[in-house]
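With this note's numbering applied, the sequence shown corresponds to residues 1 to 894, in that order.
Derived by calculation from the structure, the hints in this document are not laboratory data. There's no promise every hint is true.
[What the hints assert, rightly or not] In silico DSBU-like cross-links for lysine-lysine, where the CA-CA straight-line distance does not exceed 35 Å:
#1 Lys604 <-> Lys788
#2 Lys621 <-> Lys792
#3 Lys613 <-> Lys626
#4 Lys510 <-> Lys679
#5 Lys61 <-> Lys18
#6 Lys590 <-> Lys621
#7 Lys510 <-> Lys754
#8 Lys604 <-> Lys244
#9 Lys668 <-> Lys462
#10 Lys792 <-> Lys782
#11 Lys730 <-> Lys462
#12 Lys754 <-> Lys669
#13 Lys681 <-> Lys670
#14 Lys774 <-> Lys510
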Amino acid sequence: MKMYLVYISKYVRCSNLKEYIQFVTRFIELDGLSCLLNFLKSMDYETSESRIHTSVIGCIKALMNNSQGRAHVLAHPESINIISQSLRTENIKTKIAVLEILGAVCLVPDGHKKVLQAMLHYQVYAAERTRFQTLLNELDRSMGRYRDEVNLKTAIMSFINAVLNAGAGEDNLEFRLHLRYEFLMLGIQPVIDKLRGHENSTLDRHLDFFEMVRNEDDLELAKRFDLIHIDTKSASQMFELIKKRLKHTDAYPYLLSILQHCLQMPYKRSGGNFQQWQLLDRILQQMVLQDERGDDPDIAPLENFNVKNIIKMLVNENEVKQWRDQAEKFRKGECILCDWGGKRGSKTNPDSVTEHWQHGVIVPFKLFAFFFCVFFIFQQGGSISFPPPPPPGSPLALSSSHMTENLPPLPPPLPFSSCPPPPAPPPPPGGPPPPPGAPPFFSMGMPSPSTATFSSSGTSLKKKSIPQPSHPLKSFNWAKLSEERIHGTIWNEIDDLKAFKVLDLEDFEKMFSAYQRHQVGVGMGFVHYTQLSLSTLGEKHDTDCFPFLLNYMQKEMGSTEDLYLSTRKVKELSVIDGRRAQNCVILLSKLKLSNEEIRQAILKMDEQEDLAKDMLEQLLKFVPEKSDTDLLEEHKHEIERMARADRFLFEMSRIDHYQQRLQALFFKKKFPERLAEAKPKVEAILLASKELIRSKRLRQLLEVVLAFGNYMNKGQRGSAYGFKVSSLNKIADTKSSIDRNITLLHYLIMIFEKNYPDILDIQSELQHLPEAAKVNLVELEKEVNNIKTGLKAVEAELDYQKRRVWESGDRFVPVMSDFITVASFSFSELEDLLNEARDKVRIPFEVFEVSLAQIKRRFSALDHFLLIFLNIIHVWHRVVMAMSVPGYHNVMWC
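My request is simple: use the sequences and hints to build the entire structure.
Shown next as structure tokens:
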């Protein structure tokens with residue numbers, strides 16, 4: 001067995017590529033992996049401490065160096081668990097090989113969670129207190145031999161860093177804090193301090209990385225509470241922060257309730273009954289870590305604990321009924337106020353309106369879920385954003401009242417009400433400060449902010465020592481940011497002076513000299529690519545197909561009036577406008593349903609799916625008007641003589657609230673489609689915002705552009721600390737004085753190719769930017785508000801239908817009640833996602849010093865620049881390839 005394993009290991013490591021692949025394929029076909037895993041499971045203690053054990057792990061490690069073999073190992077349900085069991089051996093080489101395998105699996109898609117599961121399996125297998133206890137013990141103990149000890153400790157630290165920063169740890173601060181706290185509870189910090197004594201450069205790099213990421217995460221957490229540091233060892237400080245964050249919010253009573261129930265927990269001097277506290281800890285962990293889909297990045301300690309599903313279950317009929325009763329009370333109160341003001345000409349009392357809003361308006365299906373949301377917020381260190389205060393003199397521009405400062409944002413006006421809703425209440429105190437550069441409150445006799453010599457933070461910016469060109473250069477037409485607007489943006493982190501050390505300024509001076517020279521090298525010139533024509537994307541098409549339907553029906557059937565007159569022997573009664581009646585008959589012919597079938601479908605809210613969405617939309621165009629109803633009512637005794645359109649309109653007018661029913665049914669059918677269209681747009685904005693913040697290549701690109709711009713510009717435009725993002729699209733406007741076909745953008749790409757090759761792959765870091773650029777945030781918010789208004793209209797109609805006597809076969813109340821319950825929760829998710837997107841999208845553009853009103857334009861500006869940039873890169877590579885072909889001097893950039 002030993003010789004066989006050594007042969008496998010050496011063959012896999014030493015054979016050529018073709019033989020290697022053939023061997024791996026054959027090994028998988030013969031189920032060799034199962035043989036190795038079974039051997040690991042069944043070996044005795046003596047074998048586990050021998051070189052055979054090391055060879056078996058080495059075989060698995062060699063097998064995983066091949067993509068096919070790696071996929072086979074990961075597909076095995078127990079492979080990673082069994083491999084982790086080998087950590088129990090005393091053989092250092094075996095332990096290092098196991099840690100290298102586990103660390104590598106962390107970096108594989110879906111591998112990170114397998115490793116966490118394997119460590120949990122090892123905890124049970126080795127009867128340890130926690131899953132990482134063995135690793136900390138090995139990290140702390142001394143083994144005698146310096147080389148072996150350092151190698152093992154380096155492997156352990158490498159594995160710990162991989163577990164913390166791979167998988168969910170890549171962009172999830174909460175996950176990293178959660179997992180790192182597990183290591184800190186085991187005492188890793190004093191062990192790290194002790195490991196510094198080895199003075200090994202490789203080990204020190206892993207220790208430095210651990211502490212660097214920890215410090216960054218601690219700082220990020222502290223920023224959420226507007227602090228520099230949070231002492232997580234101090235229970236009193238953490239409690240004060242939570243109390244400060246939740247005081248004067250709707251969540252505060254729940255915090256008090258949690259504390260009161262904690263006081264009632266069983267206490268023992270011996271420390272027994274800790275399991276109740278452990279359960280509470282695990283519930284909170286899972287609530288903090290669980291994502292929107294209900295997936296847990298770590299192994300879920302509580303099975304079937306889905307926060308979203310629990311919230312759905314809590315949205316029961318009693319809560320819905322309570323909210324509807326409160327909404328109805330508010331409507332009645334609002335109508336009374338409106339009637340009062342209409343009849344007597346009196347003004348609405350702001351205090352009474354405020355009282356109604358305080359006691360009557362609560363967002364549906366969030367009565368209990370709101371606690372969960374706020375609980376997530378203080379666990380994650382977030383904050384609640386409020387709408388801006390109303391203008392001075394508005395009915396609700398109240399003085400500092402703690403009763404109104406924590407109200408949620410107000411919904412849009414209720415349908416069918418003649419009285420407008422009061423404006424939003426003022427935001428709570430302690431909100432974010434005004435943006436840098438805002439004028440002071442008292443500005444009498446004070447100098448303009450633009451003339452100040454200090455930044456908004458109160459500290460002067462370091463004066464730049466920019467190299468000076470030997471002769472005047474062309475200027476770069478950028479929009480320079482003033483110094484007071486630099487603080488808190490990305491420009492604080494960019495140092496263009498570093499770029500000057502790399503750039504060839506002499507060559508740059510020749511290329512962009514202000515003195516015009518005769519053009520040379522026309523054969524190798526560049527072509528200006530800034531004017532990209534997108535006119536083919538802007539073609540408009542006629543989307544109104546109803547006239548074509550009309551023409552088609554007339555061609556197929558002849559005149560519809562002639563058709564129906566010819567089939568009736570008696571003279572028909574028609575009081576409806578002829579053109580409107582004709583179009584109505586065409587629609588009814590398309591429906592292929594009798595009047596009674598249409599009536600039953602509307603009464604039963606189309607449970608049989610007889611009415612398509614587009615047909616419902618057309619039916620809404622033929623709702624009987626009051627004039628039609630009055631005319632038809634006069635001839636109701638002649639119903640048998642009525643023309644088809646007249647009879648249809650007459651019979652539909654008999655349905656109580658026919659128009660409202662039809663609108664509710666159309667909204668119900670259209671709702672999933674509208675939701676499906678809006679959600680990807682919101683997600684695109686979220687992802688693009690994250691990419692902009694994380695993109696290192698974008699920062700490097702801005703650094704080089706800032707350096708060149710400062711080198712070229714003098715006077716008021718020079719010595720800039722930053723520029724507006726829209727300036728990127730003006731780079732191509734600056735042309736070379738040697739060759740008019742060469743622009744500053746072309747030159748930048750050549751510099752990137754030579755000194756910053758990574759920047760040329762900037763598209764990989766901004767993959768979602770093109771999709772986000774297509775989204776108009778204002779229009780998206782308008783669409784979400786329209787959906788919200790539609791939901792409220794359906795709720796109003798539902799309340800009306802509940803109060804009246806139902807006729808036989810009427811299914812409006814049960815069908816729409818179920819729909820409202822589900823749709824309100826689905827819409828609540830979309831609304832929360834939009835609010836998150838609105839908050840997230842501010843972050844990158846505040847970093848780039850862009851106001852929220854400009855966000856759509858700036859997304860488009862970046863995307864447009866990226867499109868031009870990538871196109872030039874593509875052409876540049878074509879030219880470079882052409883240079884190796886004879887006669888390349890004739891190749892143009894086209």
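Check each numbered hint from earlier against the structure, then list the numbers of those it violates in ascending order. As far as the earlier hints go, 4, 8, 9, 12, 14 are violated by this structure, in ascending order.
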